[in-house]
Amino acid sequence: MVQYYPPLSYFLLAPVQMLFGNIMITFKFAVFFYLLVGAMGVWYICYRYWGSLIGIAAGILYVLQPFILRSMASEGVIAQGPIFALSPWLLVATLLFIEKRSPSRAVLIVLLSACLILSHAMHAFITCLAMGVLVLMLVVLRRTKLKTFLIWSVSIGLGAALASFWWVPGVTHLENPSLPYMLPENMLHYTAYFDWFYPGSNSFHYFSPIILLLSLGSVLFIKKNRTQAVLYLDNTSFRIDTNELIISFIFALIVTIVLSFGYHISLFRLIPSYQNILPGRVLSFAAILAAILCTVFLWELWSKMQSGLYRILRLLVLAIIIVIIAIDINPKQANISYGSFTDTQAVINLLPSNNKNFNNSRIAWLLICGPDTTYFPMLKGFHITSGWNIEGTPHNRAIRLHNIAVEADCGDYVTKNLMQWNVRSAIVQNDFCTIKKSLLCYGFKEYTADNIKTLFVNPSPSSYFMKDERNAIAIGKGSPGLVISFPWLVQGTSSYLEDYSLEDLKKFRLIYLSEPQIKDFNFFQDLVSQLAETGKTVFVEMGHTEVWPLFGIIPYWENIAENAQLISTEISPIKTSFLLQADPIGEFPAMGNLDGVWMEVVDSSKHIPAIGYKNIKGNKVYFVGMCLGMHLDSSVKWSRGLSEKSCDSKEIYSLLMQLMELGKPNKSIIPLSFPINNDHWRHDGFDFSYKSTQPTRVVVSVTYTPRWKALIDGQPLLVQNQENLILLDLPAGQHSVVFHYGMTWVGWLGIGLSIFSLLIAALLFIRWEYFNQLYEKIMAKIEREIKSIDI
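So the sequence shown is residues 1 to 791, counted in full-length UniProt numbering.
Note that these hints are calculated values from the structure, not bench results. Any given hint could be a false lead.
[What the hints assert, rightly or not] Taking lysine to any residue pairs in the SDA-like style, the calculated list, with each CA pair at most 20 Å apart, reads:
(1) K147 with K28
(2) K223 with R142
(3) K777 with I151
(4) K617 with S692
(5) K28 with D372
(6) K100 with V140
(7) K100 with S153
(8) K437 with N403
(9) K445 with Q429
(10) K620 with K645
(11) K100 with Y44
(12) K332 with F197
Whole structure, please, built from the sequences with the hints as guidance.
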């Protein structure tokens with residue numbers, strides 16, 4: 001569960017779930033605990049600098065901030081919950097460290113930042129980035145030294161290193177090259193829009209504009225005469241002046257609000273790994289600052305009360321403001337409703353079960369649903385397939401493509417996935433007619449239905465071991481849209497042809513390179529040539545960005561007018577013609593220097609080569625131009641959005657189907673069950689035995705990860721990845737196979753870095769003065785080097 005997902009929240013909640021055995025109690029405890037701890041952190045900041053009463057009010061404003069509450073309600077925020085709890089305490093530790101640099105406070109920052117990263121690395125990164133802005137502002141105001149900021153930054157970095165045991169395998173691409181990957185639409189979904197700040201907005205990301213405006217208004221109460229810092233007796237520490245604290249808080253708040261608009265701002269792209277950041281989530285840190293500043297504003301307004309009519313007017317204004325805030329942050333204003341789960345529970349109870357997960361197969365759902373759709377099947381002993389995670393594991397990327405398949409009328413793609421995932425029960429929304437038709441076509445039966453959904457059941461027995469006899473593969477950036485329309489194409493795990501061995505590629509009769517990416521051009525060209533020489537049918541489709549001349553085929557760009565016609569030439573074995581839709585990008589890639597042109601675009605007096613072949617040592621390699629594959633309806637929706645539509649998708653589908661017939665692909669999308677003698681499943685692996693008369697490629701319907709190791713009769717067996725499932729090449733005969741889920745070198749590297757960081761943190765605590773002296777020596781040397789430069 002936690003291999004690629006932040007583990008802290010699971011470690012915190014698992015004991016509660018084991019104690020009560022009730023998921024509702026567990027989540028109620030989580031929400032209460034996280035918000036209580038966060039509110040106490042906000043209270044302590046205010047208590048230290050303004051007073052206890054201000055702290056109580058600020059803590060209440062923080063936990064009632066709609067952005068925090070609605071996030072907890074709408075998305076569960078299992079991982080982000082500890083961020084909401086610990087961010088205020090990291091701010092406390094930061095302010096204490098600014099007041100007095102001490103080893104204990106530095107180590108506290110190390111531990112808190114490590115906990116934040118183990119809660120959610122991306123959210124922790126952007127929170128620390130915003131907090132760094134606050135510390136820098138205090139440097140600018142001369143309330144602290146640059147040395148303090150640098151040591152604070154090192155402490156945050158050391159905390160990150162302390163959590164290496166998780167993020168080195170879980171966040172970097174070292175162990176699993178496909179992780180992390182942010183689903184594209186979620187980058188914009190979690191980027192702030194102005195309606196997030198509209199009064200009374202029903203957005204799940206609503207941030208109270210009243211609190212925000214009042215917090216900015218606290219600038220009115222900055223005292224004109226700056227007070228001096230209060231030095232303590234040891235002359236090494238001081239209390240930060242509240243004027244400067246308000247200024248730095250306001251500046252950090254403004255920067256944080258601007259940062260939340262992320263992808264709408266060009267400067268946001270300067271942040272490292274910005275593609276994996278959801279900028280709107282930084283508002284959780286803004287909620288801390290806004291709660292404190294807003295309370296300061298209200299307190300100052302109250303403390304300025306004078307006698308007489310002026311006092312009455314101020315008191316009236318204060319009362320009106322408090323009422324407006326109460327209305328604005330009222331949790332009941334959010335349109336959140338939870339229905340009874342009895343309907344879902346009743347549907348699940350209709351399914352036969354023996355409470356042995358691997359005998360029950362899996363259950364899937366294709367409809368708008370809630371957490372009950374996962375909870376009750378798990379209680380019943382079923383494995384589940386759907387789930388959702390915006391970080392986009394490979395499995396979830398396939399689920400995302402289901403949305404496209406529904407809109408593009410490609411139900412067979414969904415059915416193919418469900419059969420490969422050993423799904424025997426599926427709950428489908430009634431208006432998904434294409435999927436329902438496909439399921440019925442491939443052996444599913446309607447079990448029960450209501451006016452919203454239909455439960456389909458496949459009577460064939462559960463099988464986690466199956467033969468996938470497809471012999472065609474799509475590789476490249478354009479492959480997702482292609483495999484949705486042609487599900488008998490295996491989707492390659494990498495967009496680079498060079499990442500596949502020649503032996504692996506020889507197992508396919510047809511290789512379709514759809515906008516392939518290239519690392520080594522010569523190696524790429526040699527590999528294509530070898531595939532053609534071995535009798536494989538190779539198609540190369542270039543997109544809008546490819547500019548390389550493969551085998552002398554030079555792509556060049558043509559503007560195609562509306563109603564230009566794509567027609568067959570005299571030598572073409574494919575006889576078809578249709579009007580070609582104008583490309584909204586403006587230009588089509590045409591294919592120059594082909595040995596034979598099969599299809600061309602006729603536009604006015606121009607004849608533009610679109611499809612043809614090149615002879616390579618007597619073998620044909622086929623080239624597809626005009627971005628035809630990218631004009632399939634599935635590809636258009638995949639690349640440009642679900643609302644987009646291709647006007648000539650059917651004609652292009654028919655044309656590409658005829659072309660790929662040259663490779664004689666096996667168009668069956670349903671894997672066959674692979675018979676086994678027996679199987680045994682454990683918490684850290686499984687084993688099975690089989691008897692086969694011939695070598696067989698077997699797909700095990702278990703998520704692939706490099707951590708899987710396999711032995712066949714005691715000898716190592718190569719574990720491969722095909723569409724995020726385990727792929728094995730099993731020899732003929734009678735054999736036993738044992739799988740173990742263990743540790744890779746990347747996992748050990750992460751553990752080693754964590755141990756090393758723990759030792760450094762211990763040395764930082766024990767030898768604090770030594771590190772201080774080392775810093776002074778380094779800075780002095782840098783200063784000497786700068787002065788020695790002759791400008």
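Checklist entry - Honestly, which of those hints from before does the structure not fit? => result Hint check: 1, 4, 10 fail, others pass.
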